[in-house]
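2 protein chains.
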Amino acid sequence: MPMQKPSNRDQVTLALIQMSVSADAKANLANAIKRIGEAAAKGAQIVCLPELFRSLYFCQEEDASNFSLAEAIPGETTAALSRAARKSGVVIIAGVFEKRARGLYHNSAVVIDADGRLLGTYRKMHIPDDPHFYEKFYFAPGDLGFKAYKTRYGTIGILICWDQWYPEAARLTALRGAQILFYPTAIGSLPGEERAAKEMRAAWETIQRSHGIANGVFVAAVNRVGAEGEMDFWGSSFVSGPFGEVIAKAGPSRDEILIAKCDLGKIDSTRHDWPFLRDRRIDAYDGIASRFLDKED
Amino acid sequence: MPMQKPSNRDQVTLALIQMSVSADAKANLANAIKRIGEAAAKGAQIVCLPELFRSLYFCQEEDASNFSLAEAIPGETTAALSRAARKSGVVIIAGVFEKRARGLYHNSAVVIDADGRLLGTYRKMHIPDDPHFYEKFYFAPGDLGFKAYKTRYGTIGILICWDQWYPEAARLTALRGAQILFYPTAIGSLPGEERAAKEMRAAWETIQRSHGIANGVFVAAVNRVGAEGEMDFWGSSFVSGPFGEVIAKAGPSRDEILIAKCDLGKIDSTRHDWPFLRDRRIDAYDGIASRFLDKED
Numbered sequence: 210m211p212m213q214k215p216s217n218r219d220q221v222t223l224a225l226i227q228m229s230v231s232a233d234a235k236a237n238l239a240n241a242i243k244r245i246g247e248a249a250a251k252g253a254q255i256v257c258l259p260e261l262f263r264s265l266y267f268c269q270e271e272d273a274s275n276f277s278l279a280e281a282i283p284g285e286t287t288a289a290l291s292r293a294a295r296k297s298g299v300v301i302i303a304g305v306f307e308k309r310a311r312g313l314y315h316n317s318a319v320v321i322d323a324d325g326r327l328l329g330t331y332r333k334m335h336i337p338d339d340p341h342f343y344e345k346f347y348f349a350p351g352d353l354g355f356k357a358y359k360t361r362y363g364t365i366g367i368l369i370c371w372d373q374w375y376p377e378a379a380r381l382t383a384l385r386g387a388q389i390l391f392y393p394t395a396i397g398s399l400p401g402e403e404r405a406a407k408e409m410r411a412a413w414e415t416i417q418r419s420h421g422i423a424n425g426v427f428v429a430a431v432n433r434v435g436a437e438g439e440m441d442f443w444g445s446s447f448v449s450g451p452f453g454e455v456i457a458k459a460g461p462s463r464d465e466i467l468i469a470k471c472d473l474g475k476i477d478s479t480r481h482d483w484p485f486l487r488d489r490r491i492d493a494y495d496g497i498a499s500r501f502l503d504k505e506d
Numbered sequence: 210m211p212m213q214k215p216s217n218r219d220q221v222t223l224a225l226i227q228m229s230v231s232a233d234a235k236a237n238l239a240n241a242i243k244r245i246g247e248a249a250a251k252g253a254q255i256v257c258l259p260e261l262f263r264s265l266y267f268c269q270e271e272d273a274s275n276f277s278l279a280e281a282i283p284g285e286t287t288a289a290l291s292r293a294a295r296k297s298g299v300v301i302i303a304g305v306f307e308k309r310a311r312g313l314y315h316n317s318a319v320v321i322d323a324d325g326r327l328l329g330t331y332r333k334m335h336i337p338d339d340p341h342f343y344e345k346f347y348f349a350p351g352d353l354g355f356k357a358y359k360t361r362y363g364t365i366g367i368l369i370c371w372d373q374w375y376p377e378a379a380r381l382t383a384l385r386g387a388q389i390l391f392y393p394t395a396i397g398s399l400p401g402e403e404r405a406a407k408e409m410r411a412a413w414e415t416i417q418r419s420h421g422i423a424n425g426v427f428v429a430a431v432n433r434v435g436a437e438g439e440m441d442f443w444g445s446s447f448v449s450g451p452f453g454e455v456i457a458k459a460g461p462s463r464d465e466i467l468i469a470k471c472d473l474g475k476i477d478s479t480r481h482d483w484p485f486l487r488d489r490r491i492d493a494y495d496g497i498a499s500r501f502l503d504k505e506d
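From first to last, the protein sequence lines stand for chains R and A. The C-terminal residue of the first sequence carries number 506 in our numbering, and the numbering is unbroken. The C-terminal residue of the second sequence carries number 506 in our numbering, and the numbering is unbroken.
Be careful, since some hints might not be right.
For identical chains, the list gives no copy identity; a pair is met inside one copy or between any two copies.
Stated by the list, open to error - Listed below are the simulated BS3-like cross-link pairs for lysine-lysine, each with C-alpha atoms no more than 30 Å apart in a straight line:
1) K504 with K359
2) K345 with K475
3) K407 with K458
4) K504 with K475
5) K356 with K504
6) K345 with K296
7) K407 with K470
8) K407 with K359
9) K235 with K407
10) K296 with K235
11) K470 with K308
12) K296 with K407
13) K470 with K458
14) K504 with K296
Please keep in mind that the hints were generated in silico from the structure rather than gathered at the bench.
Using the sequences and the hints given, assemble the complete structure.
Next comes the structure, spelled out in structure tokens:
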């Protein structure tokens, strides 16, 4: 019998493609594919692109002409990324502005396995609406729920940007078996917000690391960089481990391929030390599905 | 008509009594009451004592003779604290080893209003069991759920130690209207754990601050200090705001009264900037009440 290669299935190398984008959708796709190749050359096995990476962050205003940026899944973007995945043998996660039907759109992300197969689509469940983030105008809330995907290099979950503030989203995805939570993101600040932006960025990192701690999983947050109109996207993409410890972190302002080696075996050891999943009071969480618990009961 | 005093109901001053304890239950109570008086003299309106503050952390071993440390609620501890609350005009939160019936015990905390009235009891819902934290031997899991208490100085929630790792506990308490989450705690590390202890303490702070962020509330964590047997309790009590920002923090090793002024109006402004409660997907959280979502559905 041939000797068995040592199974190293717990070791996985991630690459987060922190990138700026232009108004040229074709150039953005070409740039992303180039960087996926570079990441693969650096040993990456799972590569994640930011939210809606094919276009400027058009949600800064409400303009129906932006619906023309959307495309079907599968479509041009997934076809190109499938080829890239197959060519480099990497898993790819990528944000897609999904046209589901005439007049029905989602802020989605796809996961493509290392053989180029489209494994699944996640549709952003929590849709923000704040000044310069007018997403409720463009996107119907996701209806596929919180899922995990078994890829060649590990079982992963995808959540998108605003989802990152919701412990329920991380919990449900981890309960589905996800060992790494990917958060493709487009978050930045506006002029005059510099001080608040520092606090916001700290909170943004804190809450995502906390999802890693609560669930004993890895977290990978991938943001865009650069100025788009008044918005300054703050980069700072990072990967944290199941203790919440930051393993790798990108800078705030330039294009970067962030590489992080993760030992999924740490999920076992961390959950052994801190057996949070064992002690959840699943008999007592029903009220979570309420908007607010202000009625007497 | 007499002039109305300006209503300053959004301003509240907290005191966290970070203390070491001895084997002398009477001395521990006397020490706590002395410190409550000192805190009140410093302007505190809500004072919180650590978990099980009347005794050494007996859960380091399984020994049935320790059940003799338990007492009824109301009982000696609540009577003494009620007098202290009335005398100083402060709200008091305090851990109590509750004897509910013969052979039935809880790890509880009471809240006493500023007029001395016992407002309610919280029974720790999540019970740990790890080397030197053998709580499952002593305590039945709480059966009162997650609650909020309207005190003279604000609506507050109580959660105890191990509860702090569970986003569901914080969420449900905040949905009940709590504006400040108090976490009476007894957490420390063992010899040889120094490196892990640093990471554990960081994770402990991160996850609690994250509950503040997710829910837009204040968080107040009160730990004990000092060595008990091999265990070194790490203090580091803190108060954080609705952005997750640390407002006040105690040291790791000595008795301290940590004072923090909180502006509850910041809860409105933070929730206006980050309207997380608006966008919760309460139609999609049902799986939270499952142990794990590994069955096909």
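How the hints compare with the structure:
Proximity of K504 and K359 under a CA criterion of 30 Å is satisfied inter-copy only: 14 Å between copies versus 42 Å inside one chain copy. For the identical chains of this complex, K345 and K475 are inter-copy neighbours only, at 26 Å across copies versus 38 Å inside a copy, given an alpha-carbon limit of 30 Å. Taking the shortest Cα distances, K407 and K458 sit within 30 Å of each other both inside one copy (16 Å) and across copies (20 Å). In this homomeric assembly, K504 and K475 come within 30 Å of each other (Cα to Cα) only across copies, at 24 Å, whereas the closest approach inside a single copy is 43 Å.
Only between protomers do K356 and K504 lie at most 30 Å apart by alpha-carbon distance; the minimum there is 12 Å, versus 32 Å within a single protomer. For the homomeric pair K345 and K296, neither the shortest alpha-carbon distance inside one copy (37 Å) nor that between copies (53 Å) is at most 30 Å. Proximity of K407 and K470 under a CA criterion of 30 Å is satisfied in both settings, with 28 Å inside one chain copy and 22 Å between copies. Taking identical chains as interchangeable, the C-alpha atoms of K407 and K359 are never at most 30 Å apart, the minima being 36 Å within one chain and 34 Å between chains.
Taking the closest pair of Cα atoms, K235 and K407 never come within 30 Å of each other, the shortest separation being 33 Å inside a single copy and 47 Å across copies. For a Cα distance limit of 30 Å, the shortest separation of K296 from K235 inside one copy, 19 Å, qualifies, whereas the shortest one across copies, 73 Å, does not. For the homomeric pair K470 and K308, neither the shortest alpha-carbon distance inside one copy (35 Å) nor that between copies (50 Å) is at most 30 Å. Taking identical chains as interchangeable, the C-alpha atoms of K296 and K407 are never at most 30 Å apart, the minima being 40 Å within one chain and 43 Å between chains.
For a Cα distance limit of 30 Å, the shortest separation of K470 from K458 inside one copy, 12 Å, qualifies, whereas the shortest one across copies, 34 Å, does not. When the C-alpha separation of K504 and K296 is checked against a cutoff of 30 Å, the pair qualifies neither within a copy, at 57 Å, nor between copies, at 34 Å.
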